[in-house]
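K.L.:
Residues per chain are reported as follows:
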Amino acid sequence: MIVAGIDAGSRTIKVVLLDGETLTVLGAGVVDQGIEQEALAERLLQDVLENAGIRRDDVAAMVATGYGRKLIHAADTQITEISCQAVGVSHCLPGARTVIDIGGQDSKFLQLLPSGRVSDFAMNDRCAAGTGRFLETAAAQLGVRVAEFGEMAGRSAEAAQISSMCVVFAETEIVGLLAQGCTAEDIAAGIQASIAQRIGCMGGLKATPPVVFTGGVALVPTMGSALSAALGHPVTVAPEPQLTCALGAAIMAARRIDASSDSE
Amino acid sequence: MTDLPDRITLNEWDRRYAELSRAGLREPDYGGCLRRHVDDGDTRLLSLRMDNSAASLRLWNFLLTEEDRLRKAREEGKLLVGTLKDLGTVPVMVYSMKNAVAFYPDGAWWIPCIMERNAKLLEIADSLGIDDSFCPVRAMLGAFVSQAHFPIPDLLICSVGATCDDLSAIAQRLDAMGHPVHWWEIPFRRAPDPGEESVALPGIFLAPHDQVAFVRKELERVREILQDRAGLALSDADLAAGIGRANRVRSLLDRLRETVFAASPAPLPALEMLIAEMLAIHFCSDQNECMAVLESLLAEATKRAGAGVGPLPEDAARIFWVNPVADLRVMNMLEDAGGRVCGTEYLFSHALDRIPEGIVPMEALARAALADPMAGSPVDRAERICHDIGRFGAEAVVVSSIPGASHCALEGTIIGDIVRRRLALPILEIEVPPITDSQEPTLRTRLEALVETARSRRAGIP
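Each protein sequence line maps, in turn, to chains A and B.
Under my numbering, the first residue of the first sequence is numbered 1, with each subsequent residue one higher.
Under my numbering, the first residue of the second sequence is numbered 1, with each subsequent residue one higher.
Please note that the accuracy of each hint is not assured.
If you want a taste of the chain A side facing chain B, the calculated C-beta under 10 Å gives, among others [unchecked claim]:
1) Arg69
2) Lys70
3) Thr80
4) Ser83
5) Pro114
6) Arg117
7) Ser119
8) Ala122
9) Gly204
Across the chosen pairs, the derived CB separations fall in these ranges [what the hints assert, rightly or not]:
10) B:Met177 with A:Thr208: 49 to 57 Å
11) A:Asp76 with B:Asp40: 42 to 50 Å
12) A:Ser163 with B:Thr43: 35 to 43 Å
So these bits of chain A aren't anywhere near chain B, every CB distance computed over 12 Å [claimed, not checked]:
13) Arg11
14) Thr24
15) Gly34
16) Ile35
17) Leu44
18) Ile54
19) Gly68
20) Glu136
21) Gly143
22) Ala159
23) Gly181
24) Arg198
25) His233
Hint data in this document are derived by calculation from the structure and do not stem from the laboratory.
Only a predicted model underlies this, so the values are computations on that prediction, with no experimental measurement involved.
Glycine residues also receive a C-beta, built at the ideal position from the N, C-alpha and C atoms.
Can you build the whole structure from these sequences, using the hints too?
P.N.:
Below, the structure written as structure tokens:
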């Protein structure tokens, strides 16, 4: 039994193919999001299926999640990224009690029960503060790509104080700091710290260890240690942190098949 | 024609209305097809899903024709009293007089939602220097300027002190615009000191006797103003009768809440319940009709609960809702996501509690006023919320905040912390502006995630 999870995020689409019985990953892929969201997701799914040597007809169930989940009409059902992320993380790192997910356009703080179920959660509000978008804007202003941003922050001698949480105001603040002679490395470290602090107090939730970090921003080196400093707990970056939500969606698809066969 | 409960769109209501009419629907003089309100500019109705019962039709028509009643009252020479901020005390006094009608000009905060900015009230407020850093109640200023939504009241009475800072600022601006406001003070409610003489308030709180005495004195001042402007005495006997009538409304509402929140499936949707609860504050400008509307809703809810039917699925996640929403559509969104409301604290729980009877009426009103959740600390509010969650049962809580409303800035987090600690329920904080369309995907995601979280906590569901 093959199942699929599609995470249609704000910046990227992720697909995970799973053996629904052994929960072994059979294939996965990531592609940038675009205007034709459903077509992009369909193409990515086809690519992943081809690479894994699996026919489309063999996919017994599919769950879509993420910001664009409602647009994935091929999916059997849609489940929010909160639930899927919890399932994905609990599968990869059983016992995780807190998940910090920073994606392109939003960030999430999940508290998990020992069973791996969500006990509470918070998401950032409408603005881009504390998201990958915030990081992208800052990186562009410092003349580096996001991939290099973490390394740059790692070379900082002393993180700059960034007080603005709004992307627009932070841009102004960065200009001011550069004019004062602050190094790009210190500014990058300051931005990471400010994102981490914002996430650390999201929704008044408290982090309980073990803390797992997921989402595209978890791929940025040193962001995990900035979070760890803000939360006061060690932070583990999930293996394939961009894919855990799609993995969770695929596991949910498998569970739905199990549940329906149990009820027959 | 099917009588199965459902939430239907305005287009579907057109057909439903024709069916009900053919089946012999009897309506009060303000009745009619809901479509006419859209034609009058209430375009948000096109985006809502409303309950399909004749009782709900009557509720909607009652709500959307308040302006007509106010204009009629003006023509009849009645004293029109605008009661600002105070939610549920001064209106009881006003309706104790035979020739006076109270209404709630602050209620104009829903106009930008119902009319989707067609009324341009917020733009007028902007031009008066009251921008979107203030609560949407600022729409009231626009309504006073345009004079298109309610007749200008003969008298304005506003509570100050332990009330929202921004509402006070808006009311002061109104005063400066040539609409004189009579102020009365409601102090910040504190817990009695050890050994201090205390008084039990309606609800669950105690207050120092001195504070109740102070509020009583303030309300005596309001009584003098009312008597002076109406040219009639407002006796204790009048007030006692007025309190009795207000309590009949509160009692009906209490039974309605009990019936709807306790039953499964929910016999009425959250949107109609929100509007019904709002009637408790000021009776929508007709106390007797207000009772008739509530009786009709209660009869429908009782019938549906008895038959085990309702417009929402039986397994809907039970959600306790804190604070009223500026965009009514959000109540629909919760239900679309698989939730149902099973308890509320819309900032005026004191207007739902029975006013004490059998004591001096002004003393009773002072105690009722001091029970206002906004007159106390957010910790008190959280206490009341925990108490009411226990009464109705809930699997999760939504704390909705109103952008610009000063009390919402920190209160939500405090309430969330306390409820989370005390009851270990998932809490979702959301901000709801008058029109949420641009935020709909993220709002829906949060509400769906809350429902999924609540359901996943039920044993046996993966």
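K.L.:
Look at each hint and say if it fits the structure.
P.N.:
Each hint, compared with the structure:
1. Arg69: With a minimum Cβ separation of about 9 Å from chain B (threshold 10 Å), the hint on arginine 69 (chain A) holds.
2. Lys70: Holds, about 8 Å.
3. Thr80: With Cβ-Cβ at 4 Å, under 10 Å, it holds.
4. Ser83: holds (5 Å)
5. Pro114: This interface hint is violated because 13 Å lies over the 10 Å limit.
6. Arg117: holds (5 Å)
7. Ser119: Since the shortest Cβ distance to chain B is 7 Å, the answer is holds.
8. Ala122: Holds: closest Cβ of chain B sits about 7 Å from alanine 122 (chain A), inside 10 Å.
9. Gly204: It holds, given that the least Cβ distance between glycine 204 (chain A) and chain B is near 5 Å, below 10 Å.
10. B:Met177 with A:Thr208: 49 to 57 Å: holds (53 Å)
11. A:Asp76 with B:Asp40: 42 to 50 Å: Cβ of aspartate 76 (chain A) to Cβ of aspartate 40 (chain B): about 44 Å, so the range 42 to 50 Å holds.
12. A:Ser163 with B:Thr43: 35 to 43 Å: About 42 Å separates the Cβ atoms of serine 163 (chain A) and threonine 43 (chain B), which means 35 to 43 Å holds.
13. Arg11: holds (15 Å)
14. Thr24: For threonine 24 (chain A), whose nearest Cβ neighbour in chain B is about 19 Å away, the distance exceeds 12 Å, so it holds.
15. Gly34: holds (17 Å)
16. Ile35: holds (15 Å)
17. Leu44: holds (21 Å)
18. Ile54: holds (25 Å)
19. Gly68: About 9 Å separates glycine 68 (chain A) from the closest Cβ of chain B, which leaves it inside 12 Å; violated.
20. Glu136: Fine: 19 Å to the nearest Cβ keeps glutamate 136 (chain A) off the interface.
21. Gly143: The assertion about glycine 143 (chain A) holds, with a minimum of 31 Å to chain B.
22. Ala159: Its Cβ never comes within 12 Å of chain B, the nearest being 27 Å, so this holds.
23. Gly181: holds (35 Å)
24. Arg198: holds (14 Å)
25. His233: holds (19 Å)
Consistency with the previously given hints fails for numbers 5 and 19, ordered from lowest to highest.
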